Structure formats: structure tokens, C-alpha cells
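Could you build all of it, start to finish, from the sequences and the hints given here?
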Amino acid sequence: MDGPIARNAEGKVQVAAFDFDGTCIQGNSPVMLVRYLVRRRMLSPSVVARILSWAFAYKTRLPQNEAWVRGLVFRAFAGRPVAEVNGFLRDFYDQVIDRRFRADAEAEMAAHEEAGHAVVCVSATFEPIIAAAMERRPIQYAIATRMRVDFQGNYTDEVEGEPIEGPEKVVVLRRLCDELFGADGWELAWAYGDHHSDRAMLAAAKSAYAVTPDRPLTRTANAQGYDILEW
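Its first residue numbered 1, the sequence shown is counted upward by one per residue in the UniProt record's numbering.
Watch out, some of these pointers could steer you wrong.
Cβ pair distances, simulated, as ranges [as the list claims (entries may be wrong)]:
id: 1; residue 1: Leu-180; residue 2: Ala-203; range: 17 to 23 Å
id: 2; residue 1: Arg-146; residue 2: Gly-27; range: 21 to 27 Å
id: 3; residue 1: Arg-146; residue 2: Gln-95; range: 54 to 60 Å
id: 4; residue 1: Asp-227; residue 2: Ala-183; range: 26 to 32 Å
id: 5; residue 1: Ala-111; residue 2: Gly-79; range: 42 to 48 Å
id: 6; residue 1: Glu-10; residue 2: Gly-153; range: 42 to 48 Å
id: 7; residue 1: Pro-216; residue 2: Gly-153; range: 39 to 45 Å
id: 8; residue 1: Lys-206; residue 2: Glu-230; range: 42 to 48 Å
id: 9; residue 1: Gln-95; residue 2: Pro-45; range: 20 to 26 Å
Hints in this document: simulated from the structure, not taken from any laboratory.
Keep in mind that this is a model prediction, so the values were computed, not measured.
Just so you know, even glycine gets a beta-carbon here, dropped at the ideal spot from N, CA and C.
This is the structure:
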């Protein structure tokens with residue numbers, strides 16, 4: 001965190017919450033990670049086939065097990081030390097993701113930070129990827145999907161808790177901000193998302209922005225009067 005956090009006339013911290021994939025960056029970081037792992041032969045063909053079948057069903061908007069597919073991806077890292085995997089994912093971010101960070105997203109985050117707002121990234125992607133983004137971009141706080149670590153300090157292929165997806169984003173955002181600013185000490189003033197799974201977070205904000213939205217979110221944005229941003 002770089003800039004000081006201010007409070008408004010009511011004594012509340014104003015929070016600006018950003019989705020990551022498709023909002024802050026162009027594309028989907030877990031999908032790019034799978035390609036990255038496949039090129040390095042770190043995922044078996046059978047695991048890749050199962051991930052692809054999940055992706056097809058997800059694209060057709062069928063209900064899917066979010067934790068299951070993240071576990072499949074993390075089979076590439078199961079049994080490996082946390083520091084080693086985090087370093088690998090930091091390199092992946094630097095080589096693949098960072099150049100896809102949208103200039104408009106960075107400018108919006110920086111403007112919020114300069115105004116004293118709390119900038120929070122709320123993402124379903126893996127926590128080390130967001131940690132790398134925090135080192136390079138104006139993200140003050142973040143919540144992302146955390147993978148379980150065993151007693152030896154090695155990653156497993158199981159999600160710790162729930163993937164940060166859909167309504168869960170609102171749950172974890174509220175929990176984080178309550179801890180940081182007090183239960184009555186903050187408000188979700190702005191939220192930015194690109195996907196229909198971001199509807200709950202956008203609905204919870206005083207001002208909602210649909211960023212290059214998919215078709216279902218475009219319909220919601222038009223119906224609810226959300227601003228649509230083409231980043």
C-alpha cells in the first residue's frame with residue numbers, strides 16, 4: 001500500500017473493488033497459465049483434457065465446480081514448496097500477464113489511490129499471481145483463490161476455503177474490509193467487473209462499472225443503469 005487511506009464526511013473509508021481477469025487485464029490468467037504449463041509439459045494430457053471439458057461447459061454457462069478445476073491446474077505444483085511455486089508464478093506473471101495489464105485500469109486505480117480510496121482487487125485467480133500484480137501495479141489490498149498448504153510447507157491441489165468467484169467475492173470483500181476498517185467504517189463506493197459472475201459485487205456497490213462486459217453482464221448493466229467502460 002502506497003497512498004494514505006482517507007475517510008469521507010461520514011467517517012467511512014471508500015472502497016474501490018476491481019475484478020482482475022478481463023477487467024484489469026486483457027484475457028484470463030488461469031487460461032494463460034494452463035497454456036504456459038502445457039508448453040512446459042507440466043500437466044498430463046488427461047488432466048488437460050479434463051480442464052478443456054470444464055472450460056467448454058463453463059463457456060456454455062453450465063454450473064461448474066470452480067474448486068475442482070483449480071485443483072486440476074495446481075496438480076502441476078502439488079508437493080512442491082510454497083516459495084518455489086510462488087517464484088514460478090511470479091515469473092509467469094512477469095513474462096505473460098503484466099504486459100496485458102490495461103492502461104485504463106491502472107489509471108483508474110491510481111486515481112482512486114491518489115484520492116485516498118482503498119483499492120482492492122478481488123479475483124478468482126491464484127493468490128501468487130495477484131501478489132505479483134500488487135508489486136507492480138497500484139493495488140493496495142487483494143483477495144484471491146488460495147491453495148492449501150500441507151504441514152511440510154508444500155502446496156496441495158486443493159483449494160483453501162472457497163474459490164473467490166461470484167457471490168463469494170462480496171463475502172470475502174466484506175470480511176476483509178470489516179477487519180481493516182471496522183464493520184461500520186467503510187462502504188463499497190465503486191466496483192468494476194467484466195463478467196456475469198461479477199454481478200453480485202457490482203450490485204453491492206454504490207457505483208458499478210461493467211468493463212468490456214460479456215453479453216449477460218451487458219444486459220444487466222443496461223437494465224440496472226451501470227456505466228459501461230470499453231477498456
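**OP:** Could you tell me which of the hints above the structure violates, numbers in ascending order?
**Re:** Failing hints, ascending: 3 and 8.
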